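Undergrad: Listed below, chain by chain, are the residues.
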Amino acid sequence: MKRKIFWVGALMVLFLFSSTASAKVKLKFFYPVGVAGPLVKVINGMVEKFESENPDIDVEPVYAGNYNQTMQKVQTAVLGGNPPDVAVVEISELFSLLQMDALIPLDSYVEREGGKGFLADFYPGFLGNAYGRDGKIYGFPFQRSTPILYWNRDMFRAAGDKLKAAGLDPSRPPDNWDELVEYSKILTIREGNQTKQYGLIIPGGWNDWIFEAFSRQNGSQLLKEDGLTVTFNSPENLEALKLWVKLMQELQTCPVLRPWNITPDDFIGGVTAMMYYSTGGMAKIRKTAKFDWGAAFQPKRKQYGTPVGGGDFHIFKGIPKENQDAAWTFAKFMTRPDMAAHWSIESGYVAVNKKSYDLPEMKAFLEKFPQMTVARDQLKYAYPKMMAVNYQLIRNAMTTNLDAALEGTKPPEQALEDAHKLMEEAIKGS
Amino acid sequence: MREKLESYRAYLFLIPGLFFLFLFTYLPIIWSTWLSFNEWNLLSPKPVFSGLENFVKLWQHDVFWLVMKNSFFFVTVSIFPTMFLALVFAILIDERMKGRVYYIYSLFYPTLIPMAAAAMLWVYIYSPNLGILNIFLAKLGLPKLGWLGSSQTSLWALIIMTFWKNLGFFTLIYLAGLQNVNRELYEAAYIDGAGWWRRHFSITFPLVGPTSLFVLVVAIILTFRVFDQIHLMTEGGPGNSSNVIVYYIFENGFKFFDWGRASTLTTILVLILLSLTLIIFGIFGKRITYTAD
Amino acid sequence: MATVSFHYVTKRFGNFVAVKDFDLGIGDKEFVVLVGPSGCGKSTSLRMLAGLEKITEGTIEIDGRVVNNVHPKDRDIAMVFQNYALYPHMTVYKNMAFGLQLRRFPKSEVDKRVHDAAEILEISELLKRKPRELSGGQRQRVAVGRAIVRKPSVFLFDEPLSNLDAKLRVQMRGEILKLHHRLQSTIIYVTHDQIEAMTMGSKIVIMNAGEIMQVGEPIKVYDSPDNMFVAGFIGSPAMNFLEVKLISKDRALWVDGGEFCLPIPDSKGQKYAQHKGKTCYFGIRPEHMYDREFIKDYDPRNVIKARVDLIEPVGSFVILQIVVGKATIVAQVDSHTRAVLGEEMDLVADMEKMHLFSTDPPHLSLSIS
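Chains as they are written, first to last, in this note's numbering: chain A, 1 to 430; chain B, 1001 to 1293; chain C, 2001 to 2369.
If you're looking for bench data, these hints aren't it; they were derived computationally from the structure. Bear in mind that the values here come from a model prediction, so they are computed numbers and not experimental data. C-beta atoms are modelled at their ideal positions from N, C-alpha and C, and glycine is treated no differently. Some hints could be false.
[To be verified] Chain A is faced by these chain B residues, among others (derived, beta-carbon under 8 Å):
| id | residue |
| --- | --- |
| 1 | P1016 |
| 2 | F1019 |
| 3 | F1020 |
| 4 | N1038 |
| 5 | P1143 |
| 6 | K1144 |
| 7 | L1148 |
| 8 | G1237 |
| 9 | P1238 |
| 10 | F1256 |
| 11 | G1282 |
| 12 | G1285 |
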């Protein structure tokens, strides 16, 4: 009998505690995984660490799919009047979110942390996509990347004689577009009607992003920083697209529209000698590739150049003030030097916080894997990624037309022209 | 008087069901039909009446016609092989052929696993260089195909995957339909000298007519509504080559946030399905032999 | 011309023996009825002959040709099924023509045969209808018609009348007999109804539990059943069985049932003499028990006194259930009987028609053992 009373009492105490527990701030956190690799586990681990350091905040991490799917989920939640507290979305989506009046500016938080001095810890290249047209800061960099060129050193070595015969150096990757073509030709191995090894893969899915890099390398861009002036049909862009079509259709040293998520597997599986891919996929390659591989700047034309990529934290309107404060605490935690370093090591993304690179564990890691520094160093040549309202519609216009040109169903000129028109139409009125 | 009371009571019992049907089916149809006459998108955040503008714009839009073409292609190409093979497998299972258990598992397993899992599985099957399908093709000395990555094959790849996923479901329905066919008919035909094909061609096929009608209508509706696998495997690409109507609705509604256009497309889909169903029942409804007598 | 013979045919489904050592010869133009309770193996035997079931052991011959591995279509047989097996989506004409078309008969020949058969069966005006528009009797005719257009040498009927009502069944019975007379072909007919068997068969085969119990002309089987099963199965109401002892008294044999004691006529006594002193079953059919008041000439020793338990007037006669000691027996007496429920009455047994069966299974008749 006594024992029973004890248990009833214990249960009541438990209920008491659980009701106080519900007084904690609860954060709903939407995040995407935009590259191949088991990053959900990493995020969950970081969230656990945050909760143990901040016992008054509960974070519920919601894996929302790839970038497109995450944006769809966020937009739907906002329109449904039930926004997440904090979310990571692809950086080009900022203007669409602002158009929906979904975000709060972060200036007051930044001010409290020390304003410019605080922001100075972050790579400026990654802050370029954080500002709205009103000059306020709405995004906070987190999983940030650039495309880089991955290359299989073993394959280069194997083709050493042929490369040397063509006047190319097998110990380094191509440095400009012409070399890219030459290397890819020699590194492509055919057997009958089968291609045993491709020289190069420029994957589909996010080819608009990589195309933006080629555009920058040729001194152009897809859309001006104002988010209004479309320059998609520039002669420089046409030259870039023609280069791609040449690689894929004429020379066939690059497969057409290889699915984004599978391309790292192709590289790891020895299907291709080179690959353009996000730096965010590097951890997977580091852990599974059984050969000597390198990472390099994307080859230049007129200059080295690349857009940044990835996703930023955003904090939403229409939630209680204490949730917004907690969300800021969370975003700040996730990007502080040790966490940014951890995230970088586990994923391959660039650590957004400069101070991460001063940490001994990061130094030791980079010692072992110097490839990891490439994306960071490439930031010198990095530009903000294009941003516009209706970005999804614009991106759709770009990818469908790029796809058509690359498959050879549309001449490059017309593809650029068609996309250009659709982009202008989508931007009109914003 | 008594009968009248009875029928009132019947309606009374129907009210809860009708209420939910109205709330979750008819009301949204009416609402989206109304919205299809409105401009409502990210740049025009409140619905504004715009008459037929949405329809006219779609009419002039290449992608719309490509999507319609893809949808009809998907339906016509996938339905008849699905129905035919579902019936054949149902017959084979019903006749207790050898290795039946193996067939039952391989047919119904795809039906049971979630579409999302199936889609991921097929992404790897279709993987251009490391996928089992292309490895198999290469072994046969055939050229490898781009599958999901090529606008020539992406729609076919989805059709094949959907066929694989749905076959078991329709086999199950046919299996139930076959139980209504009197076994003696087969014995009579067997004694008369009808071979396997002839027996089923002359007896089974006509007699599962009611089932076939049901399967046809359900298959058309299901196939017009394919979405999950497209969302997960191709996102309609490359270059809209595998974009079909429901995915296009989703794209417009949830990606481009053009609710007006999404509603217009929904209205069009409802009209297509409605008229197809009416046509099918008009043609076949009266010609079918119902075995129960 | 068609004879059929079964040579020790056995059919097993797994461990279950459905038919055991079925051995039977059927002459040309015979009308043979396989009869027995459900599950006795009669349908299975027929289906083996039709080729719908594989034969486990033994052989079946049609016209001297072993058909064990011959496809049904090449056995020159036609079968009428219990549920008619009409194709619901085909007209009567098509139903009848289907088998001929499969055999690639010329169109004119098909047409002629269908119309001839339809005329014989008086269904000419139904040819354009579908089965669901027909009555039960009409469907039955179509089913028969479908068999006769083929002009097979052997017809197989599998309980063809069991789905018809009693009146129609009697009518169809007659028609099938007439048809047999007209077609002059061999018919093998399966039924569980002993009246059908008695009225139709030129030879009946009584089966039980997969084995043949007796083969013979109906009247012979009725008069001298080989065993208690046949005795009880053939005849309606069924034969009465009473446990008795054979005793010798006054230089004659008697059946002693305790409550009654009846003398065995001399004509039969000799046969049974060797069983004197044994316990056995005494069998007598209800129609061989009379109300004493309605017969003039009888042996007073054959009278049984019994109490009336139930009176069922059928019209042409009255069926009585009467209690003798612990046993209840049935008697079929004159329709004008004055029997009163609960009271005693005198019945006279026609001892010339009595039977005796062994108490040991399979309860063979003592007149043959």
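Undergrad: Against each hint, give a clear statement of whether it holds in the structure.
TA: Results for each hint:
A cut of 8 Å between beta carbons decides the hint on P1016 of chain B: the least distance to chain A is about 27 Å, and the hint is violated. A least Cβ separation of about 23 Å between F1019 of chain B and chain A goes past the 8 Å threshold, and the interface hint is therefore violated. Interface hint at F1020 of chain B: violated, since its Cβ lies 21 Å from the closest Cβ of chain A, which is beyond the 8 Å cut-off. Proximity of N1038 of chain B to chain A is violated relative to the hint, the smallest CB-CB distance being about 16 Å (cut-off 8 Å).
Residue-level restraint check for P1143 of chain B holds (minimum Cβ-Cβ distance to chain A is 5 Å; threshold 8 Å). Interface restraint check: K1144 of chain B against chain A, minimum CB-CB distance 7 Å, threshold 8 Å, status holds. Among the interface hints, the one on L1148 of chain B holds; its C-beta lies about 6 Å from the nearest C-beta in chain A, closer than the 8 Å criterion. Against a cut-off of 8 Å between C-beta atoms, the interface hint on G1237 of chain B holds, since the closest Cβ of chain A lies about 6 Å away.
The interface hint given for P1238 of chain B holds, since its Cβ lies 4 Å from the closest Cβ of chain A, which is under the 8 Å cut-off. Annotation: interface hint on F1256 of chain B holds; nearest CB of chain A at approximately 4 Å, less than 8 Å. Interface hint status for G1282 of chain B: violated, as the beta-carbon distance to the closest one in chain A is roughly 39 Å, over 8 Å. Among the interface hints, the one on G1285 of chain B is violated; its C-beta lies about 40 Å from the nearest C-beta in chain A, farther than the 8 Å criterion.
Consistency note: the structure conflicts with the earlier hints numbered 1, 2, 3, 4, 11 and 12.
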